[in-house]
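Undergrad: Residue numbers (the numbering used here), protein chains in the order written: chain A, 394 to 723; chain B, 394 to 723; chain C, 888 to 1240; chain D, 888 to 1240.
These are calculated hints, taken from the structure and not from any lab test. Be a bit skeptical, because a hint or two may be false.
[To be verified] The list that follows gives simulated cross-link-like pairs (lysine-lysine, DSS-like), each with its CA atoms no further than 30 Å apart: (1) K553(B) / K620(B); (2) K719(B) / K719(A); (3) K1023(D) / K697(B); (4) K574(A) / K596(A); (5) K950(D) / K433(B); (6) K1167(D) / K574(B); (7) K1081(C) / K441(B); (8) K1048(D) / K433(A).
Quick caveat: nothing in here was measured; it's all calculated off a predicted structure.
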Amino acid sequence: MARVLRYREALREAMTEEMERDDRVFLMGEEVGHYQGAYKVSEGMLDKFGPRRVIDTPIAESGFAGIGVGAAMVGLRPIIEFMTWNFSAVAFDQILNSAAKMRQMSGGQFNCPIVFRGPNASARQVGSQHSHAMEHFYAHVPGLKVLAPAFPADAKGLMKAAIRDDNPVLFMESETLYSVKGEVPDDLDTVPMGKAQIVREGKDCTIVAYSRMTHVAIEAAATLEKKGIDVEIVDLRSLRPLDEDTIVHSVRKTHRCVVVHEGWPYGGVGAEVSDRVQRLAFDFLDAPVLRITTLDVPMPYNAKLEQLCMPQPDRVVSAVERTVGKNRAS
Amino acid sequence: MARVLRYREALREAMTEEMERDDRVFLMGEEVGHYQGAYKVSEGMLDKFGPRRVIDTPIAESGFAGIGVGAAMVGLRPIIEFMTWNFSAVAFDQILNSAAKMRQMSGGQFNCPIVFRGPNASARQVGSQHSHAMEHFYAHVPGLKVLAPAFPADAKGLMKAAIRDDNPVLFMESETLYSVKGEVPDDLDTVPMGKAQIVREGKDCTIVAYSRMTHVAIEAAATLEKKGIDVEIVDLRSLRPLDEDTIVHSVRKTHRCVVVHEGWPYGGVGAEVSDRVQRLAFDFLDAPVLRITTLDVPMPYNAKLEQLCMPQPDRVVSAVERTVGKNRAS
Amino acid sequence: MSNIEAHSPEPSGQPSRDDDRLDGPAPATRPSSQVDHLAELYRQMLLIRRVEEEAARAYAQGKIGGFLHLYIGQEAVAVGALSALKPEDYVVTTYRDHGVAIAKGMSARAVMAELYGKETGCSRGLGGSMHMFDAKTGMLGGHGIVGSHIPLAAGAAFASKYRADGRVTLCFFGEGAVSIGGFHEGVSLAALWKLPIVFICENNEYSMGTPLSRTMSVEDVSMKALGYGIDRDRFFAEDVLTVEQRIGEAVQRARELSLPTLVEVRTYRFRGHSMSDPAKYRTAQELEERKKKDPVLRARTQLTEQGFAAPKLDQLEQAVEAEVMDAVKFAEDSPEPDASILEPTTYDGPFAA
Amino acid sequence: MSNIEAHSPEPSGQPSRDDDRLDGPAPATRPSSQVDHLAELYRQMLLIRRVEEEAARAYAQGKIGGFLHLYIGQEAVAVGALSALKPEDYVVTTYRDHGVAIAKGMSARAVMAELYGKETGCSRGLGGSMHMFDAKTGMLGGHGIVGSHIPLAAGAAFASKYRADGRVTLCFFGEGAVSIGGFHEGVSLAALWKLPIVFICENNEYSMGTPLSRTMSVEDVSMKALGYGIDRDRFFAEDVLTVEQRIGEAVQRARELSLPTLVEVRTYRFRGHSMSDPAKYRTAQELEERKKKDPVLRARTQLTEQGFAAPKLDQLEQAVEAEVMDAVKFAEDSPEPDASILEPTTYDGPFAA
Ligand SMILES: Cc1ncc(C[n+]2csc(CCOP(=O)(O)OP(=O)(O)O)c2C)c(N)n1
Ligand SMILES: Cc1ncc(C[n+]2csc(CCOP(=O)(O)OP(=O)(O)O)c2C)c(N)n1
Ligand SMILES: [Mg+2]
Ligand SMILES: [Mg+2]
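All chains, full assembly: derive it from the sequences and hints.
TA: Written as C-alpha cells, this is what we have:
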C-alpha cells in the first residue's frame, strides 16, 4: 500500500519516525518549533516531541551548526535545519573544517553523525543573496555526503538513511518542491545513498538531473517525445557519493548526455558529471556533454530576468536537439 | 632590463607601487604590519606607509573582509590579506554575498574594487584544516575574479591589474612559491587578467596547470621529453575569467589534455576545464581529458601520506602516457 | 552629494541615473520653526507608511514578488535617526529597508519601481525589496544576510576616518542580529579602531516568530556595549523627535570624537515579519496595545496640538497621497529591465555555458 | 570512561586502540595529602614541559613537521583546570593542545607518536600537533581554526544537558579568539541555553605578534561576560593550585547549576607563537621577567618548602624523564600509517580521479 504525500510531509514523517526510534536524534534550527518551521516542514513536531528535542535557535548559524557537530562528536545525532541553505554561507567553516574533517583528523575516533537540511536554490524573486544552489560548494568536499531528491518517496527514504548515517549528510530540499505530491509506500524504510535512478527510459540521449530539475527534465522529455526524440532521464538523488555507474551505463547506451541543474556552471556538479562521462564513456559519445544551468550571473530580482536565468524546459529541449543533431566527425 | 625577484618580493613591489600611485589603496590583515607579514610578503611596508595604510587586524576575517567591502563601496581600494586562504572559510559569506553581489544587486551603482589575497593550498604537513585549495569554491562564483600565477613576473603584473580592477579579485598565492625566483622586467606594468600563457610548446599532449602545479608540470615535461613525449603546457594564471580560447586552441593541436591542480577533484577547476575541452574540442580529442588532483580525502598530517595525496610529477607523467597511449576507437 | 560621486571607484561604475530618482525630501534641511520641522518628519513617516501600504496591496495583486518586509510601526526610527544626519553621511540597513531608503532621501518612485522590478527602480529592478541602494543619497543598501551588513557599515565608517571626510555612518539592524558573528566582529572592530559610526539596534521584540526572551540571555541589548567599551543608549521610539535627539547625540559623538555608540531603540512592527507571516505568535491584544502608540498618529496629534493649521496638514497629507499615487503609476508604467543589463553588472568574462 | 563509549555513535566509529595509549596519569585521582596532590600536579606540568622540550628538539631535527605551537609557560592552566574535572568530563581546545591533552590523561607516547606522524599517535598520524584527540579520556581535540571550536565545546555541553549525564565541558582558547564570531555565537548560545561549560580564555598577552592592546578595545576580557549575563572570573595562573581552585568553582557552577562561566586566566608563553616565530615583538627583559614566574619552577619550590622529601622529588623527576624518553623512543620506533588508513576515515564513495 502507498499514500500520496507532499514532499514536505514526507520529510516530516522521516524525521518524526527517526526521532521516535532513537532518542539521540533531535531537530534544531531557526523557527523550527513554535513557528512550526519557516516552510512548515517541522509543523507539529514541537508539540509531539517537546522543546528538549525540537529546538528553536537564535540567528547564529555557525554557532548552532558547531553545536550540532560537537553534540554529534559525543554521540547525539542532530538534524540541523538551515532556514535556507543560503544561510549556511555563514556556517561554511563549521561544515568544511569541523564536520567534514572530524573523523579523519581524529584518526577515526570521532565521527560526525549529523544531518544539515533546508531548502536550496531559487525560490521566487528572492534576489541574489537568497537564491544560491549551495550543493556545488559542498559536493566538492570529501567527508561530506550531499543528497538532493526530487520526489517525496526519495525525500523520506533518503532522510531516514541520512539520519542513520555516521557521516555528515547535507540534505538539499527546495521551497518549490515542498508542495509537490507523490506516492510513498507505507512500508518504506531507507533509500540507499549513492544510488541514482532512471525515471524515464529512452534511447536517444541521457538527461542527468536532480532535485527540482528532474521535474524540468520530465517536462522537456514530453516535448521531445512529440518531436520524436526519446530521452532517458537519470535522477541522481545523491550528488556525493555520485553514482557514476548508472550515469555511464546510460550514456553508453544513448551516446549522448545533457546535464541539468540549478546554480552556476563553473565547476559545478554538472562539470563533474561532464568530466566523468567524457572520461568513462569517451568511445561511446557521439556528441559533447552539454550543461544547462542557471546563467553565470547573480540572480536578478525581476521576475522575467529570473526566469531567463534559470534552467527552463525549452533550454533543455534545444540542448538535447543540438546533441542529437550532432554526429561525431571521424 | 630585468631583475631576478622572489615571488614574495614581486608581490610586495606590486602592492608598494600601487600604494604609491593611489592613496585609496591600503593593506589590511592579520600580522601584515608590525610582524612584517606571517610569510613576510608585506615586510617593510608598515615602515614605508605607516599604520594608516598598513593595518594589523584582530582575528576577525568576516569582520575585516566586510570592512574592506564596505570601504570599497564608497571608493577605497582595499587589499585584504588572509593569513592563509583557509581562513577565508569564516569570511565565505562576505565574499559570496557581499563582494560578489554588490555591483549587480545595487543596479550597478556600487562596484567593489577589492583584492583578497594570501597563500593557498598545501604548505607542509599543516593538516586537514590548513591545506585547502580554496580557488575551487570561489572560481564557481560570478562577480568574482580569481587569479593564481605561477611566476614572479605574473605575480607582480597580475597583482597590479587586480588592484586597479573595479571587481573583487581573489589572488591565490602559495607558501611554497614565495621563495621561487624569476625574472621581472623593470618596465613591467600590469599583466592582463583572463589570459593564459603557453610556458612550453609541444605537440603530443596539452597539460593545463596553474600556481605551483605549473612547476610540477614543467618537471613532468622534462621527464616526458626523455621518454620522447613532447607536451605543451598552458599556465592558466587566471581561473575566472578562464581563457578557454588558449586551452582549446592548444588541445585542437595536441588532441590530448591533462589538467593538473591542487585541491579535490569533484567539481573543481579541473572539472570545468575538462567540460570546456570536451565541449569545444570534441572532434579533436583522441583521448579523454584526465585530471591529476589532490586525492579526494582530507589532507593527512603524516608527511608520506601528504605527499601521496598531492599531485606529483610522476602522476602527471603516467597520466600523459595513458592519454598518449590511447587512440580513439572509431 | 557629488562628494560621493567623487569618491566612487570609477565614473564608469556609476551608470547615469534618471533624474526623477532624485526627487523627494532632502532629509536634513532644517525648517525654521520646530513645528514645521515636526511636520516635515510627519510627512516623511506618512510617506513611508503610505508607500508600504500601497506596496502591500500591489503584492497581494501579484505585482510585487519575493519577500516584502514592511516597516510599518517603526517609521519613527528611520525618520528620526536620518534626520540627525547630513546628506553626505552614509546609512546601511537590513532587508527591512524601505523606511530607511525614503528617510535618506530616496524618492517614492525609485522605491516603488524597484519593488515592481522595473528598470527605473533604485537598483534597476535587480535588487528588489531587500536591496534598495542609492549612491547619490549615501544609501548603501538593503542587505539580506542577517548581521553581514554590520561590517560593511563599519567599512564605510573606516573609509570616512581614512579620508577624514567628516562623514558619519548609521547602521540599522534588528535585535535578532545581535546573536550572530557579524554583529560581534563589526562592533569589535569599530570599537577598537574608534570609527565614526552609530549602531542602531531596532528592537521590535521579535525575530520572525521568536521573542527576544528566546534569543538573548540578556534582554537589555545595549548591555553588549560594556564588553566593547563603547557608549550605549536605550529608549522607546514612539516620539520621532526623541529619536532624532538621542541619535543626534550619538552622531555628534561619532562626528566630533570619532567614537562608535550602540543604541537600542525599542519599537514594534505592526505587520508580520514579511507578507507570508500571519504573526500567530503574538496576541491581537498585544498588537492593539502597541498600535495605540503608533508614532505616525502620535506625530499628527502633536502637530494639531501644537497648532499646525488644519488646512496645512490637509495640504501636506494630500501632497503625500499624490506622491504615493504618482509613484505607483510611475512603477506601473515603467519598462522592465532588458536582459542586456545582466552582463555589464557582473564580471566581463565569458559565460561558461 | 566506558560512559563515553556508550554514548559514541557506533562501536564501529571507535577503532580498537593500543593499550599503551592509555598509560599515563589519571588526572583527577585525589591523593590523600595536599602535598602529594601538589606533587602530582607538578609531575604533570613537568611532563608537559619535558615532552614539549623534546618535541622542539625533534622538530629542529626535522622529525616533526608542520606547525608546532608550544605550551611552555602556560602549563599551570591546563593542569590546574583539568585537575578540577572528573575523568568523564569533556575538554576542547585550540592547536596549542599538547598540555591539555596530557593533563586530560593522554599518554606522552600517544602525544609524541602523533607529533612524529606515526600510526600509534593519538590521531594515528593523521592529525599532527594541532589535532590531538582522545575519545577514551574525553579529549575532543585540538582545533586549528581560531574560535571555531568554541561552538563545538558548547555542543558537547549541550549533549550533556540533553542526556543529563552530569558532565562538564571545559573550553580553552586564546585572547586572540575573543574577537571572532565563533566566540560570540558559542558563548551566546551557552548563556541562553544555560549549558554546563566553562570558557577558559588563556590570555597570554599575544596573538601571534599582536599584543592584546591592539586586538581588543577592552583589555579585561572577562568583561565580555556582562553582555551575556554569565558569571566571570579573572586571575593570574602562576600557582597551579589557584587555577585548580578557581576553575573548580566554575566547574561546580556548571555541574550543579548548569550555568556557564567565562574565566580569563592570565598567563604567558615562553616560546614563540610556533616554531617559526622568533618573537621579535617582545623584549628579552619582558621574557626574563615572566620566566621568573615560571609555574613549573614555582610548584617545585613550593614542594620543597612544604617538605616534600628530596629523594621523592628526585624519584618523581626521574620517572618523568623516563616516561619522556620512553615516549620519544616509542615514537621513533612506531610504524608510519599505511595509505589504507585514508579511505575508511573518509566517505566511502568512489575517488573521482
Ligand atoms: C544569516 C541569516 N539567517 C537567517 C536569515 C533569515 N531571516 C531573515 S530576517 C530574520 C529575522 C531577523 O529578525 P531581527 O534581526 O529582529 O530583524 P527584524 O526582522 O525584526 O527587523 C531571519 C531569521 C537571514 N536572512 N540570514
Ligand atoms: C580564523 C583563523 N584566522 C587566523 C588563524 C591563524 N592563527 C593561528 S593562531 C593565531 C593567533 C591566536 O592567538 P590567541 O588566540 O591569543 O592564542 P595563542 O596562540 O596565544 O594561544 C592566528 C592568527 C587561524 N588559525 N584561524
Ligand atoms: Mg526584530
Ligand atoms: Mg594569545
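Undergrad: For every hint, state whether the structure bears it out.
TA: Right, here's what the structure says about each hint:
1. K553(B) / K620(B): With Cα atoms ~40 Å apart, K553(B) and K620(B) exceed 30 Å; violated.
2. K719(B) / K719(A): Since the Cα atoms of K719(B) and K719(A) sit roughly 24 Å apart, the hinted pair holds (cutoff 30 Å).
3. K1023(D) / K697(B): 28 Å, holds
4. K574(A) / K596(A): Cα-Cα ~28 Å, so holds.
5. K950(D) / K433(B): 25 Å, holds
6. K1167(D) / K574(B): 27 Å, holds
7. K1081(C) / K441(B): It holds: about 24 Å lies between the C-alpha atoms, which stays within 30 Å.
8. K1048(D) / K433(A): Within the cut-off at roughly 28 Å; holds.
Of the numbered hints given earlier, the model fails hint 1 alone.
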